[in-house]
Amino acid sequence: MTAEAISSRLASGVVDSSGPRGPKPKTVTVGRIGVYAFLILSALFFLMPLWVMVVTSLKTMPEIREGHLFNWPALLTFDPWLKAWDTACTGRDCNGLKPGFWNSVKITALSVPVSIVIAMINGYALSFWKYKGSELLFGILIFGAFVPYQVVIYPLIIGMRELSLFGTLPGIVIVHTIFGMPILTLLYRNFFASLPIELFKAGRVDGAGFWGIFFRIMLPMSVPITIVAIILQVTGIWNDFLFGTVFAGRENMPMTVQLNNIVTTTTGIREYNVNMAATILTAAVPLVVYFISGKWFVRGIAAGAVKG
Amino acid sequence: MTQIAEPGERAAPGFAGTAAERKPRTRRKFNIQSVLGTTPMIATAIGVFVICIIFSIIWSFTSSKLFPNFNFIGLQQYERLWRTDRWIISVQNVFVFGALSMVGGMIFGYLLAVFMDQRIRQEDLFRSIFLYPFAMSLVVTGLVWQWMFDPNLGIQSAVRQLGWTNFEFAPLVKQETALYGLVLGGLWNGVGVTMAIMLAGLRGVDSEIWKAAKVDGIPTWKTYLFIVLPMMKGAIATAFILSATGVVRVFDIVIAMTQGGPGVSTQMPAIYVIQHITDRANVAQGMAAATMMLVPVMLIIGLQYLFQWNAKRKAARI
Numbered sequence: 019m020t021a022e023a024i025s026s027r028l029a030s031g032v033v034d035s036s037g038p039r040g041p042k043p044k045t046v047t048v049g050r051i052g053v054y055a056f057l058i059l060s061a062l063f064f065l066m067p068l069w070v071m072v073v074t075s076l077k078t079m080p081e082i083r084e085g086h087l088f089n090w091p092a093l094l095t096f097d098p099w100l101k102a103w104d105t106a107c108t109g110r111d112c113n114g115l116k117p118g119f120w121n122s123v124k125i126t127a128l129s130v131p132v133s134i135v136i137a138m139i140n141g142y143a144l145s146f147w148k149y150k151g152s153e154l155l156f157g158i159l160i161f162g163a164f165v166p167y168q169v170v171i172y173p174l175i176i177g178m179r180e181l182s183l184f185g186t187l188p189g190i191v192i193v194h195t196i197f198g199m200p201i202l203t204l205l206y207r208n209f210f211a212s213l214p215i216e217l218f219k220a221g222r223v224d225g226a227g228f229w230g231i232f233f234r235i236m237l238p239m240s241v242p243i244t245i246v247a248i249i250l251q252v253t254g255i256w257n258d259f260l261f262g263t264v265f266a267g268r269e270n271m272p273m274t275v276q277l278n279n280i281v282t283t284t285t286g287i288r289e290y291n292v293n294m295a296a297t298i299l300t301a302a303v304p305l306v307v308y309f310i311s312g313k314w315f316v317r318g319i320a321a322g323a324v325k326g
Numbered sequence: 002m003t004q005i006a007e008p009g010e011r012a013a014p015g016f017a018g019t020a021a022e023r024k025p026r027t028r029r030k031f032n033i034q035s036v037l038g039t040t041p042m043i044a045t046a047i048g049v050f051v052i053c054i055i056f057s058i059i060w061s062f063t064s065s066k067l068f069p070n071f072n073f074i075g076l077q078q079y080e081r082l083w084r085t086d087r088w089i090i091s092v093q094n095v096f097v098f099g100a101l102s103m104v105g106g107m108i109f110g111y112l113l114a115v116f117m118d119q120r121i122r123q124e125d126l127f128r129s130i131f132l133y134p135f136a137m138s139l140v141v142t143g144l145v146w147q148w149m150f151d152p153n154l155g156i157q158s159a160v161r162q163l164g165w166t167n168f169e170f171a172p173l174v175k176q177e178t179a180l181y182g183l184v185l186g187g188l189w190n191g192v193g194v195t196m197a198i199m200l201a202g203l204r205g206v207d208s209e210i211w212k213a214a215k216v217d218g219i220p221t222w223k224t225y226l227f228i229v230l231p232m233m234k235g236a237i238a239t240a241f242i243l244s245a246t247g248v249v250r251v252f253d254i255v256i257a258m259t260q261g262g263p264g265v266s267t268q269m270p271a272i273y274v275i276q277h278i279t280d281r282a283n284v285a286q287g288m289a290a291a292t293m294m295l296v297p298v299m300l301i302i303g304l305q306y307l308f309q310w311n312a313k314r315k316a317a318r319i
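Protein chains in written order, with the numbering used here: chain A, 19 to 326; chain B, 2 to 319.
Calculated directly from the structure, the hints in this document are not laboratory data. Where is the CB? At the ideal position from N, CA and C, for every residue including glycine. There could be a bad hint or two in this list.
[As the list claims (entries may be wrong)] Here are the simulated BS3-like pairs of lysine-lysine, each with C-alpha atoms no more than 27 Å apart in a straight line:
#1 B:Lys234 - B:Lys215
#2 A:Lys313 - B:Lys234
#3 A:Lys101 - A:Lys116
#4 B:Lys212 - B:Lys234
#5 A:Lys219 - A:Lys150
#6 A:Lys150 - B:Lys313
[To be verified] Simulated DEER-style distance windows between Cβ atoms:
#7 B:Val51 - A:Met79: 36 to 44 Å
#8 A:Trp120 - B:Gln309: 43 to 51 Å
#9 B:Asn72 - A:Trp69: 55 to 63 Å
#10 B:Phe227 - A:Ile245: 48 to 56 Å
#11 B:Pro220 - A:Trp120: 55 to 63 Å
#12 A:Gly312 - B:Ile52: 22 to 30 Å
#13 A:Val123 - B:Gln77: 45 to 53 Å
#14 B:Gln176 - A:Leu237: 52 to 60 Å
[Said to hold, decoys possible] Simulated coverage check for chain B against chain A, where a stretch passes if three residues somewhere in it have a Cβ under 8 Å from a Cβ of chain A:
#15 53-63
#16 286-296
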């Protein structure tokens with residue numbers, strides 16, 4: 019960016035009330051260069067691992083052994099990607115990442131709607147149909163958001179085993195629903211509490227009850243917040259590692275767990291290009307969600323961080 | 002949290018818009034559909050966050066090994082826990098890791114937010130770049146940084162090949178530095194979020210403050226540091242709580258990056274618990290460690306209540 023462009027931009031910059039002002043015009047050039055230098059250096063720091071992942075996954079193993087971590091591959095190859103997807107080994111099984119991918123798809127596709135519908139009803143009930151003790155339950159739920167998972171995980175394993183849900187697909191879906199509930203319920207409760215009460219009253223006047231108002235008035239109104247919830251849940255559940263390790267069992271092992279197994283398998287030669295291709299493949303789904311959703315993603319984080 | 006619907010109390014129609022949040026909205030004390038609809042919440046709150054925690058605590062006082070039993074042996078598990086080097090190192094590690102990543106994250110995040118606030122071009126592009134790592138799982142983060150920290154083929158060797166033959170940057174292979182490698186990886190993943198929260202906080206500061214500071218001739222950096230920063234308590238608290246809960250739970254990134262090694266130099270309490278309830282088949286010991294993990298959380302919640310209670314008392318007096 020040229021100094022001319024900067025000064026013209028500053029000159030034309032009509033003072034608006036949207037944000038604080040930049041540095042004074044006198045220090046424009048030096049200050050501006052400093053600002054951009056800092057931002058660009060930071061951006062390079064954040065982009066570096068992505069670049070390294072991509073170039074490593076496209077190199078052949080002999081080229082990787084030469085070093086030159088940051089160089090673009092001299093000999094472009096897509097074999098590591100095929101191998102990571104199809105034939106890479108975890109222990110004895112050599113089916114690549116694809117079983118893990120489909121397991122993660124199954125787990126996410128079931129957990130996201132279940133957890134969101136339940137949280138939506140919770141938030142609705144907590145805003146419009148409080149009953150004796152409902153606020154206490156909500157308090158416990160928020161407390162649950164801050165409890166380290168390790169404190170509840172073992173009794174939960176035992177409970178799941180008693181119900182013969184341990185190591186099954188419904189089991190892992192229930193676990194994701196449980197641990198997503200605090201944040202999602204908070205999200206929906208705050209959303210419904212911000213709606214004008216007249217909406218609810220109009221429904222009551224028309225004779226609608228708990229479910230009538232929920233389906234006819236509240237559900238259609240909560241589309242925007244539900245998009246935020248979906249983004250939050252898809253990335254959260256896809257990226258989960260701990261619950262997948264503990265609760266999913268061998269048959270339903272999610273992609274993150276399988277990725278970790280592939281990379282840390284110590285038998286044989288470590289194929290860094292395959293490992294990096296596998297890593298990108300695992301990161302691809304949440305990254306796509308992130309780049310498509312854009313500002314909604316930021317809203318999701320902010321919403322997840324709102325205090326009760 | 003403390004409000005429970007009082008029967009008969011209803012918001013006056015003209016009043017409802019503004020006071021809606023505070024006024025109870027129920028007509029009846031008890032609606033059976035509402036209770037039925039929230040059954041999963043009742044089950045989770047009571048079944049998981051109360052009963053499971055109680056069981057964890059109970060089992061920490063027993064001699065449970067591979068399977069839980071109710072053979073109570075008092076505080077022996079805790080005595081053993083605090084005699085175990087592995088645990089003590091875990092606790093030290095989580096404090097060092099937590100302090101470094103929280104302070105580092107706050108400083109770096111605030112700096113990024115301040116620089117982003119200079120009416121720069123391509124703000125959205127920069128924001129996307131700073132935030133995208135957060136979309137990736139901590140396992141992915143750990144594996145990428147493990148590769149970049151590789152002593153023979155990673156950053157260290159790449160820089161050496163450029164001519165600096167004495168360049169050393171492979172923190173994960175040494176016990177003394179492995180934890181700092183983890184901090185760096187964690188920061189890469191999470192700083193963008195701190196930045197986004199701080200930036201939202203900065204934009205929320207009244208523009209009159211800036212005009213006043215300018216009139217008084219206060220330099221921009223001083224305004225940011227001494228005037229604006231103290232006004233952003235909400236944003237700072239949010240970022241703090243978010244990173245604090247992440248720190249207590251730190252597990253995935255360690256497993257992916259170092260598996261607790263070299264030696265026990267990057268062991269964490271969360272790993273200690275999981276190892277004892279799985280591979281080591283010593284449930285009671287794991288539960289004692291888990292109960293200890295609950296202590297800081299309870300302390301923070303207790304402190305918060307104390308502050309709220311204090312503030313209420315003060316408000317009542319005035």
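How the hints compare with the structure:
no. : hint                            : in the structure
1   : B:Lys234 - B:Lys215             : 22 Å, holds
2   : A:Lys313 - B:Lys234             : 24 Å, holds
3   : A:Lys101 - A:Lys116             : 10 Å, holds
4   : B:Lys212 - B:Lys234             : 21 Å, holds
5   : A:Lys219 - A:Lys150             : 21 Å, holds
6   : A:Lys150 - B:Lys313             : 24 Å, holds
7   : B:Val51 - A:Met79: 36 to 44 Å   : 53 Å, violated
8   : A:Trp120 - B:Gln309: 43 to 51 Å : 48 Å, holds
9   : B:Asn72 - A:Trp69: 55 to 63 Å   : 56 Å, holds
10  : B:Phe227 - A:Ile245: 48 to 56 Å : 39 Å, violated
11  : B:Pro220 - A:Trp120: 55 to 63 Å : 58 Å, holds
12  : A:Gly312 - B:Ile52: 22 to 30 Å  : 41 Å, violated
13  : A:Val123 - B:Gln77: 45 to 53 Å  : 46 Å, holds
14  : B:Gln176 - A:Leu237: 52 to 60 Å : 56 Å, holds
15  : 53-63                           : holds (count 5)
16  : 286-296                         : holds (count 7)
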